[in-house]
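Sequence lines, in order, name chains A and B. Per this note's numbering: the first sequence = residues 1 to 308. Per this note's numbering: the second sequence = residues 1 to 379.
Think of the hints as simulated: they come from the structure by calculation, not from any bench. Possibly wrong hints are sitting among the right ones.
Unchecked claim - The calculated label-pair distances, taken between Cβ atoms and stated as ranges, are:
{"hint": "1", "chain 1": "A", "residue 1": "GLN142", "chain 2": "B", "residue 2": "LEU336", "range": "33 to 43 Å"}
{"hint": "2", "chain 1": "A", "residue 1": "LYS206", "chain 2": "B", "residue 2": "PHE113", "range": "42 to 52 Å"}
{"hint": "3", "chain 1": "B", "residue 1": "LYS115", "chain 2": "A", "residue 2": "LEU285", "range": "46 to 56 Å"}
{"hint": "4", "chain 1": "A", "residue 1": "LEU10", "chain 2": "B", "residue 2": "THR108", "range": "27 to 37 Å"}
{"hint": "5", "chain 1": "B", "residue 1": "ASP348", "chain 2": "A", "residue 2": "ALA133", "range": "54 to 64 Å"}
{"hint": "6", "chain 1": "A", "residue 1": "ARG134", "chain 2": "B", "residue 2": "ILE345", "range": "20 to 30 Å"}
To be verified - In silico DSBU-like cross-links for lysine-lysine, where the CA-CA straight-line distance does not exceed 35 Å:
{"hint": "7", "chain 1": "A", "residue 1": "LYS283", "chain 2": "B", "residue 2": "LYS40"}
{"hint": "8", "chain 1": "A", "residue 1": "LYS107", "chain 2": "B", "residue 2": "LYS197"}
{"hint": "9", "chain 1": "A", "residue 1": "LYS107", "chain 2": "B", "residue 2": "LYS222"}
{"hint": "10", "chain 1": "B", "residue 1": "LYS222", "chain 2": "B", "residue 2": "LYS144"}
{"hint": "11", "chain 1": "A", "residue 1": "LYS283", "chain 2": "B", "residue 2": "LYS115"}
{"hint": "12", "chain 1": "A", "residue 1": "LYS283", "chain 2": "B", "residue 2": "LYS312"}
From a predicted model like this one, the values you see are computed outputs, not experimental measurements. Here a beta-carbon is modelled for each residue, glycine too, at the ideal position from N, C-alpha and C.
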Amino acid sequence: MFGDYSIGDLGSIFVMQGFAGLILFSVYVLMALGLAIIFGQMGVINMAHGEFMILGAYVTWMTSNLFQTYLPGLFSGYFFLAMILAFFASGALGMLVEWVLIRHLYKRPLDTLLATWGLSLMLQQAYRSIFGAREVGVELPQWMLGSLRVTDSIEVPINGVFVMGLTVLITIGVAYVMFMSRWGRQVRAVVQNRIMAGAVGINTAKVDRYTFALGCGIAGVAGSAFTMIGSTGPTSGQLYIVDTFLVVVFGGAASLLGTIASAFSISQTQSTLEFFMSGSMAKVLTLLAVVGILMLRPQGLFALKVRK
Amino acid sequence: MNDSRFTSRSELIGILVLAVFLVVILPLCLDVFRLNLVAKYLTYAFVALGLVICWGYGGILSLGQGVFFGLGGYCMAMFLKLEASSVENTKIQSTPGIPDFMDWNQITALPFFWKPFHSLTFTIAAVILVPGIFALVIGAAMFKRRVGGTYFAIITQAVAAILTILIVGQQGYTGGINGMTDLRTLKGWDIRPDHAKIVLYFFEVGLLFACIFVAQFVRHSKLGRILVAMRDQEDRVRFSGYSVANFKIFAFCIAAIFAAIGGAMFALNVGFMSPSFVGIVPSIEMVIYTAVGGRLSILGAVYGTILVNFAKTSLSESFPELWLFGLGGLFIAVVLAFPNGLAGIWGDYVQPRISRFIGVRKPKAGWTDNSVADGAPAE
């Protein structure tokens with residue numbers, strides 16, 4: 001399959017596909033970060049995660065429309081406000097969902113899966129009723145259009161670079177919150193031993209609620225970033241949910257580093273294969289490889305060594 | 001309650017009531033079109049039945065039952081499609097004698113894995129064996145390594161996604177997104193007219209009862225009790241010297257085979273098979289049928305399937321907007337408020353009243369030896 005290309009062409013192909021893979025990687029990482037917190041830390045399977053992401057995307061879309069109508073002068077900067085709004089909208093919805101639904105189900109992980117799936121169906125229909133069944137796309141500000149020419153045969157789009165930069169920042173932020181802050185320490189304490197954490201005076205119910213809300217909020221930011229590279233419809237979230245779960249499981253559920261490594265390897269494999277075969281076969285091969293590796297190594301790439 | 005018997009008296013009455021309902025009442029009350037709809041619902045009841053064994057008793061939630069439903073359905077559909085694409089029927093194609101979608105995709109010879117499906121015997125064997133062996137491989141790979149619970153659910157879901165993408169992508173070999181349509185005859189017997197639909201309905205009900213009896217047998221045997229023990233305290237069963245993995249594999253395979261029989265009946269009754277019954281969404285919907293019926297109740301699964309599908313058909317006919325809200329609400333309500341489903345409501349509220357009304361004194365309230373809400377499966 002390499003026969004028709006010269007060495008230089010192949011190099012460019014790999015770089016360009018590698019870059020396309022990096023954008024996919026950013027989406028995976030952003031979605032998986034929230035999920036890694038909710039699933040990896042709390043053990044809750046949130047099948048509605050994609051819908052929290054789409055909420056962020058719709059918030060971004062509404063903000064861009066608002067700016068276009070009322071504040072056209074500030075349009076080039078709307079995205080930063082939209083991201084913050086998306087974080088709080090998804091986070092607030094997450095907090096509500098935790099209070100109404102999830103907190104009753106911590107002891108029954110398989111049942112959270114069914115309940116959140118029901119939630120995702122309801123949210124999808126709500127989006128369809130409110131925003132319409134058609135996909136919506138945001139208008140990008142001028143400075144995000146176009147692409148950077150690296151060499152003669154290699155070009156990278158600016159919005160892609162922006163999304164990647166954003167991903168790096170958010171990842172660092174999450175790592176800081178989880179591993180450096182006092183609150184992150186409380187979260188990890190509750191995860192490791194709920195009863196003892198409660199005994200030393202941590203309000204575990206509150207920690208649970210805010211952890212879930214943080215995970216959902218990050219999903220909202222992911223959705224916000226998602227609007228930079230694709231359009232949003234009521235069911236867009238569902239397309240990514242299985243991939244994202246695989247990313248988290250493949251990385252080793254409790255490990256943040258593992259999540260990033262697995263998002264990287266999955267997205268790179270997929271986008272490189274995509275150049276040589278049809279998109280669907282590339283996806284099938286990638287997913288098969290992941291499932292195969294998981295059968296050989298069920299604990300994922302980076303497993304914490306814990307005694308059960 | 002004496003569990004060692006094959007069925008207790010109340011269960012026998014339940015089975016009889018279901019039999020009267022399906023064999024006498026429904027065919028008398030419904031026209032052929034509606035009866036065919038019930039036949040379609042009942043194909044899902046096979047899946048729900050398997051999930052009672054696998055999920056309710058074994059504690060293994062599989063979100064990939066659509067895979068087995070689809071494999072069984074596709075095996076059957078391949079046979080029917082080959083029969084429908086005889087050389088006389090496909091004269092206008094550039095290559096006569098192969099299915100129409102292959103011709104559209106510039107395939108000129110029948111692929112090798114299609115050839116054995118000329119034989120009905122092989123097809124029936126394949127309906128059982130292909131999904132069975134597939135389940136065996138997945139089950140052995142996962143359970144031997146002690147992967148279970150949520151991880152297993154996610155991986156089966158990924159398998160469902162993979163198979164759907166594969167079927168849709170390989171249009172020339174599988175019919176792609178449209179699936180296999182225009183299935184006509186079974187060994188020269190036309191499956192499309194009304195009387196054939198009625199015959200197929202009764203045949204399906206017969207098969208369903210065969211599966212119900214198998215499920216009853218599993219449940220009341222020592223095997224069924226080990227499954228329950230394993231669901232509640234896996235480690236203790238392992239320490240007692242049982243091979244937990246083998247029992248799980250068995251439950252998973254039984255569920256897969258039931259689902260495959262359902263799929264094959266679907267292809268016969270509905271006359272087509274498509275990837276929209278294989279993927280993640282249908283697979284998870286099949287779980288909700290079981291959950292609504294009561295994940296521990298074999299008969300409940302059948303009623304749950306009929307009820308949810310009936311609600312789906314009538315709601316989505318008249319209020320398409322409301323259906324997804326209804327289905328979503330159903331998921332949440334069943335999980336939060338009625339973890340034992342219809343069977344739980346029946347056992348907790350209806351049956352005691354009936355007994356009091358007739359004047360029979362029940363020895364004890366409660367409907368089975370175990371319920372889901374408090375004895376949640378241990379991870």
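We went through each hint and held it up to the structure:
no.: 1; hint: GLN142/A <-> LEU336/B: 33 to 43 Å; in the structure: violated (49 Å)
no.: 2; hint: LYS206/A <-> PHE113/B: 42 to 52 Å; in the structure: violated (57 Å)
no.: 3; hint: LYS115/B <-> LEU285/A: 46 to 56 Å; in the structure: violated (26 Å)
no.: 4; hint: LEU10/A <-> THR108/B: 27 to 37 Å; in the structure: holds (34 Å)
no.: 5; hint: ASP348/B <-> ALA133/A: 54 to 64 Å; in the structure: violated (41 Å)
no.: 6; hint: ARG134/A <-> ILE345/B: 20 to 30 Å; in the structure: violated (41 Å)
no.: 7; hint: LYS283/A <-> LYS40/B; in the structure: holds (32 Å)
no.: 8; hint: LYS107/A <-> LYS197/B; in the structure: violated (46 Å)
no.: 9; hint: LYS107/A <-> LYS222/B; in the structure: holds (28 Å)
no.: 10; hint: LYS222/B <-> LYS144/B; in the structure: holds (22 Å)
no.: 11; hint: LYS283/A <-> LYS115/B; in the structure: holds (28 Å)
no.: 12; hint: LYS283/A <-> LYS312/B; in the structure: holds (32 Å)
Violated hints, listed in ascending order, are 1, 2, 3, 5, 6 and 8; each of the other numbered hints is respected by the structure.
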